[in-house]
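Quick note, the sequences are listed as chains A and B, same order. Last residue of the first sequence: 114 (our numbering), numbering continuous. Last residue of the second sequence: 117 (our numbering), numbering continuous.
Since the hints were made in silico from the structure, they are not lab data. A hint or two may mislead.
[As the list claims (entries may be wrong)] Computed cross-link-like contacts, EDC-like style, restricted to lysine to aspartate or glutamate with a CA-CA straight-line distance of at most 20 Å:
| no. | chain 1 | residue 1 | chain 2 | residue 2 |
| --- | --- | --- | --- | --- |
| 1 | A | Lys-22 | A | Asp-84 |
| 2 | B | Lys-19 | B | Glu-67 |
| 3 | B | Lys-9 | A | Asp-84 |
| 4 | B | Lys-41 | A | Glu-56 |
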Amino acid sequence: GENVEQHPSTLSVQEGDSAVIKCTYSDSASNYFPWYKQELGKGPQLIIDIRSNVGEKKDQRIAVTLNKTAKHFSLHITETQPEDSAVYFCAAFANTGTASKLTFGTGTRLQVTL
Amino acid sequence: DTEVTQTPKHLVMGMTNKKSLKCEQHMGHRAMYWYKQKAKKPPELMFVYSYEKLSINESVPSRFSPECPNSSLLNLHLHALQPEDSALYLCASSQESLTSGTSYEQYFGPGTRLTVT
């Protein structure tokens, strides 16, 4: 099955700096890669995603890049703000043939300090 | 609107109790999911319903029993749980296609924090 590795496990940046979180996946058939933000006591919130026919996608301060050859994708957050502090999960879609199934990375705890 | 609602928010139950978790979405999604999340870990898939039929059971113990009464509702019935089952239980939904390989965004609810005493 699919295996997703995520690094770093914790990341501390100063407000206004950029943050980068990296993930690798194992199944070359995976074709959809979402990123979720989870704040304390809440469910994961989809913040951005990318499909395998696209190399980069941007939404305001958030961008995701995908390298299919190397099987890795990254989340970039620019001009970080304290409200960006949360746990971020990457995921890869594995085709089961009957329903969509996501495999999650282990998570990155991002702390944005003033 | 991408809202998935879950009730209750918190649940404390003894090992001999029977309780149910409820999930609802009104986005017209035809796939619904139950995940279990332990502290500082990613969500782990438990069950997937596609067009109201159970399509994936990730070898979950029988003390967890899912039910999909209609396309908007998903229940998780709990019976004779163990303390190690204490976790955040998340429901999610997505559009679904019968075409294999199609992927759609999954939207999560806020979860039910379950404590088994």
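Now for the hints, and whether the structure bears them out:
1. A:Lys-22 with A:Asp-84: holds, 17 Å
2. B:Lys-19 with B:Glu-67: holds, 13 Å
3. B:Lys-9 with A:Asp-84: Distance of about 24 Å is beyond 20 Å: violated.
4. B:Lys-41 with A:Glu-56: violated, 27 Å
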